[in-house]
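Peer 1: Chain residues, written in single-letter form:
2 protein chains.
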Amino acid sequence: MKLYKEMNELELGREYAALRKEYAACQARGLKLDMSRGKPGYDQLELSMPMLDMVASDRDMKTLDGSDVRNYGQLEGLPETRRLFADLLEVAPDQILVGGNSSLNMMFDAINLAESLGIMGSTPWARLEKVRFLCPVPGYDRHFSICELFGIEMIPIPMDAEGPDMDLVRRYVEKDSSVKGIWCVPKYSNPTGLTYSDRVVRAFAALKPAAPDFRIFWDNAYCVHDLTDTPDPLLNLFEECARLGSEDLVYMFASTSKISFSGAGIAVMAASPANMADLKAKRTIQTIGPNKINQLMHARFFHDKEAVLRHMARHRELLAPKFEAVLSALDREIAPLGIASYTRPRGGYFISFDAMEGCARRIGELCRDAGVVLTSVGATFPYGHDPSDQNIRLAPTFPPVKELEEAMEVFCLSVKLAAIEKLSGQLESAS
Amino acid sequence: MKLYKEMNELELGREYAALRKEYAACQARGLKLDMSRGKPGYDQLELSMPMLDMVASDRDMKTLDGSDVRNYGQLEGLPETRRLFADLLEVAPDQILVGGNSSLNMMFDAINLAESLGIMGSTPWARLEKVRFLCPVPGYDRHFSICELFGIEMIPIPMDAEGPDMDLVRRYVEKDSSVKGIWCVPKYSNPTGLTYSDRVVRAFAALKPAAPDFRIFWDNAYCVHDLTDTPDPLLNLFEECARLGSEDLVYMFASTSKISFSGAGIAVMAASPANMADLKAKRTIQTIGPNKINQLMHARFFHDKEAVLRHMARHRELLAPKFEAVLSALDREIAPLGIASYTRPRGGYFISFDAMEGCARRIGELCRDAGVVLTSVGATFPYGHDPSDQNIRLAPTFPPVKELEEAMEVFCLSVKLAAIEKLSGQLESAS
Numbered sequence: 001m002k003l004y005k006e007m008n009e010l011e012l013g014r015e016y017a018a019l020r021k022e023y024a025a026c027q028a029r030g031l032k033l034d035m036s037r038g039k040p041g042y043d044q045l046e047l048s049m050p051m052l053d054m055v056a057s058d059r060d061m062k063t064l065d066g067s068d069v070r071n072y073g074q075l076e077g078l079p080e081t082r083r084l085f086a087d088l089l090e091v092a093p094d095q096i097l098v099g100g101n102s103s104l105n106m107m108f109d110a111i112n113l114a115e116s117l118g119i120m121g122s123t124p125w126a127r128l129e130k131v132r133f134l135c136p137v138p139g140y141d142r143h144f145s146i147c148e149l150f151g152i153e154m155i156p157i158p159m160d161a162e163g164p165d166m167d168l169v170r171r172y173v174e175k176d177s178s179v180k181g182i183w184c185v186p187k188y189s190n191p192t193g194l195t196y197s198d199r200v201v202r203a204f205a206a207l208k209p210a211a212p213d214f215r216i217f218w219d220n221a222y223c224v225h226d227l228t229d230t231p232d233p234l235l236n237l238f239e240e241c242a243r244l245g246s247e248d249l250v251y252m253f254a255s256t257s258k259i260s261f262s263g264a265g266i267a268v269m270a271a272s273p274a275n276m277a278d279l280k281a282k283r284t285i286q287t288i289g290p291n292k293i294n295q296l297m298h299a300r301f302f303h304d305k306e307a308v309l310r311h312m313a314r315h316r317e318l319l320a321p322k323f324e325a326v327l328s329a330l331d332r333e334i335a336p337l338g339i340a341s342y343t344r345p346r347g348g349y350f351i352s353f354d355a356m357e358g359c360a361r362r363i364g365e366l367c368r369d370a371g372v373v374l375t376s377v378g379a380t381f382p383y384g385h386d387p388s389d390q391n392i393r394l395a396p397t398f399p400p401v402k403e404l405e406e407a408m409e410v411f412c413l414s415v416k417l418a419a420i421e422k423l424s425g426q427l428e429s430a431s
Numbered sequence: 432m433k434l435y436k437e438m439n440e441l442e443l444g445r446e447y448a449a450l451r452k453e454y455a456a457c458q459a460r461g462l463k464l465d466m467s468r469g470k471p472g473y474d475q476l477e478l479s480m481p482m483l484d485m486v487a488s489d490r491d492m493k494t495l496d497g498s499d500v501r502n503y504g505q506l507e508g509l510p511e512t513r514r515l516f517a518d519l520l521e522v523a524p525d526q527i528l529v530g531g532n533s534s535l536n537m538m539f540d541a542i543n544l545a546e547s548l549g550i551m552g553s554t555p556w557a558r559l560e561k562v563r564f565l566c567p568v569p570g571y572d573r574h575f576s577i578c579e580l581f582g583i584e585m586i587p588i589p590m591d592a593e594g595p596d597m598d599l600v601r602r603y604v605e606k607d608s609s610v611k612g613i614w615c616v617p618k619y620s621n622p623t624g625l626t627y628s629d630r631v632v633r634a635f636a637a638l639k640p641a642a643p644d645f646r647i648f649w650d651n652a653y654c655v656h657d658l659t660d661t662p663d664p665l666l667n668l669f670e671e672c673a674r675l676g677s678e679d680l681v682y683m684f685a686s687t688s689k690i691s692f693s694g695a696g697i698a699v700m701a702a703s704p705a706n707m708a709d710l711k712a713k714r715t716i717q718t719i720g721p722n723k724i725n726q727l728m729h730a731r732f733f734h735d736k737e738a739v740l741r742h743m744a745r746h747r748e749l750l751a752p753k754f755e756a757v758l759s760a761l762d763r764e765i766a767p768l769g770i771a772s773y774t775r776p777r778g779g780y781f782i783s784f785d786a787m788e789g790c791a792r793r794i795g796e797l798c799r800d801a802g803v804v805l806t807s808v809g810a811t812f813p814y815g816h817d818p819s820d821q822n823i824r825l826a827p828t829f830p831p832v833k834e835l836e837e838a839m840e841v842f843c844l845s846v847k848l849a850a851i852e853k854l855s856g857q858l859e860s861a862s
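Line by line, the protein sequences give chains A and B. Under my numbering, the letters of the first sequence match residues 1 to 431, in that order. Under my numbering, the letters of the second sequence match residues 432 to 862, in that order.
Heads up, some of the hints might be wrong.
[To be verified] Simulated pairs of lysine-lysine, DSS-like, Cα-Cα distance not exceeding 27 Å:
| hint | chain 1 | residue 1 | chain 2 | residue 2 |
| --- | --- | --- | --- | --- |
| 1 | A | LYS282 | B | LYS711 |
| 2 | B | LYS713 | A | LYS282 |
| 3 | A | LYS21 | A | LYS5 |
| 4 | B | LYS713 | A | LYS130 |
| 5 | B | LYS493 | A | LYS32 |
| 6 | B | LYS833 | A | LYS62 |
| 7 | B | LYS493 | A | LYS402 |
To be clear, the hints were calculated from the coordinates, so they are not data collected in a lab. Quick caveat: nothing in here was measured; it's all calculated off a predicted structure.
Only chain A is shown next, with the shape it has when bound in the complex:
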């Protein structure tokens, strides 16, 4: 097959007409497919159903330390839940603060508290002229939305195969005291699926921020979400920091939203002793504490890291064919044409697709008009603005494989059509 950019106007025109016919046929099918969000599939949710039987009217409701989960108390979380997450995140149990069911909410809350009260006694951010966050791109739209809501200025940081450009990160963080944070999804990053290299993790630990209240928002959302036999290794940021005495830099987050139930999981935050003291002083006033029956249910079902990993292997069995369906469609339909690049994640929930420059929005439109919903084009960049209009986040987890194959047919057609429109435009304007 010829690369599109090697085709002349006539060849492109012929190809375009043929693709248009196929596209019209797709439209005629009246599809309604959704590849927009990182939602677990129905079959994945079924995996955790036995967890619901871990609490019942005939079971005792005591924690390991003998307290009754049904009453008030245990503000930081149950001992068994803290231990489970400590195990998963490779930190000490007393570094774990258990939240409700949304790690996004814990991140929002950390920023909201920094805005209104500061961090460890710093000036509340809401009183500062300017607060800035570094945003590795492409990244997670919901991180960016939090910054936007609070009027926090976002600075995009390019990512390569190792992670964010750490020279640029260092320059901002160490010179500019208005830079208060950076968003990171260090393992199977949203949306690229790539994992930060050892060099990058060490560079994070070695940061010497100008702002004492600068924090690395380390969203370890996909810490055990492997799709292969050879999971990506990720250095433990806290361990690297411990060597340098920089543990206070880190707010780490995780949740079971994609382990147990997205609608009723458990979120946690991990932090240094000094950060924990700061957070706990606030939490004492902030809440009576997170849902403890849900914690008990999780702790009883998941015991320890090994049990979680066995459970995740079952998720993998369901997810790997979906990623395979997307990637094989792209390999077959798109790769030979030289009109796009995309990632091959070994875990996580997304594939990041880079179309030809200026084509992403058009691809989104074409997909939509044929009944396929993608993540809003641009969403992977701060303010929803992808300057080169080329990145698209593909979320293969929710639809069944058959639907995914249909959706990918539409997607690949749309990518090709947009590419030809773009190339024809270039030829025209060149002529």
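Keeping the supplied structure of chain A fixed, place chain B upon it in accordance with the hints.
Peer 2: Below, chain B without anything else, positioned relative to chain A:
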């Protein structure tokens, strides 16, 4: 029996010596009793155990509108949960925003958001020179702690049998734009147990605040927590506001912490359409939404208001004897001596006790030294400072009746001892 204030020095001395002996005997028993917090008793928690069977591995996990509670979605709450709380609070279901398990957290959050982002576009409170809240006293210590954390200046407002002094409230709210809120527990108030009169509720609805972002924090924590056959009626604040077009004044809160489980209940907020739009615009960014399996469990177990009321009647059976134990001890031991006054709540979780001026702290010490923990003396006032040092919140719900009787023996002795110490001091300084 003679009133203490009618006794001469000799009589008081004789009485004091006799009481000291009894007190020493109590101390010798090595008691360890807790009347400090509004915690449900073990037997109350048992009432809701069948709720845990409402979700299980063999049950379907769909809401009434057919969506899967295990996955993402339904940010404002399940339709059935919103309907249940709408029923309880007598508002429309779309006025209900479901939260996690802590209504205290929803209140904190409302203030935290006001501090960082303002309300409906107002200036964020964190950027203002001064923010003030009105605090009817005696009141709930955890409300006051929130204000203290955010540096919100608290203005105590005296309460009488009808509720807060509304002339004073009106004067502050309508003249001072730094007054941004007032804390209210309108039914079976914490700690007095008294319910606001119709006149007071109507006066709230008729407020014309100087600050557009003034809100009434209407903590309806005990809305169905009756202890008698003749529950206190409370006017529906939203209905009164609707007549005057002032619905935007109200943030209403409630929870099932003392209906189902304190450690795993459901909290809600009710608000006007304009407030809901403001809150929802933030919530979209703030969280993936509250735990939905817990919502489903509650909605299935509690169906509707009637079922909740039937359930609350069972709570009452367990609680009424505890209130009776406390009140009969007070009636027998304290009332005849003319050294204190106390409330006789028809619902809620507390009895408010007013000792002689300047005696509360001493009573707290005496109780502590004989193994009985009371709510920190002073806690019912802003900054923990009861200017006349006389209010004590009694929390009879947690200990079994037998323990409560023992605790009340110590409490009554302590009240008498403190009173005699005070009266003797007065006699001495008069002589």
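Peer 1: Between LYS21/A and LYS5/A, does the CA-CA distance stay at or below 27 Å?
Peer 2: With a Cα-Cα distance of about 22 Å, the restraint between LYS21/A and LYS5/A holds, given a limit of 27 Å.
Peer 1: Would you check the hint for LYS282/A and LYS711/B, treating anything up to 27 Å between C-alpha atoms as holding?
Peer 2: holds, 24 Å
Peer 1: Does the structure keep LYS713/B and LYS282/A at a Cα separation of 27 Å or less?
Peer 2: The hint holds at about 21 Å.
Peer 1: Tell me if the straight-line CA distance from LYS833/B to LYS62/A falls inside 27 Å.
Peer 2: Given pair LYS833/B, LYS62/A holds - Cα atoms ~24 Å apart, limit 27 Å.
Peer 1: Take the C-alpha atoms of LYS493/B and LYS402/A, compute the straight-line distance between them, and say whether it is at most 27 Å.
Peer 2: holds, 24 Å
Peer 1: Would you check the hint for LYS713/B and LYS130/A, treating anything up to 27 Å between C-alpha atoms as holding?
Peer 2: holds, 21 Å
Peer 1: Starting from LYS493/B, check that the Cα of LYS32/A is at most 27 Å away, please.
Peer 2: holds, 21 Å
Comparing the model with each earlier hint shows no violations; every hint is respected.
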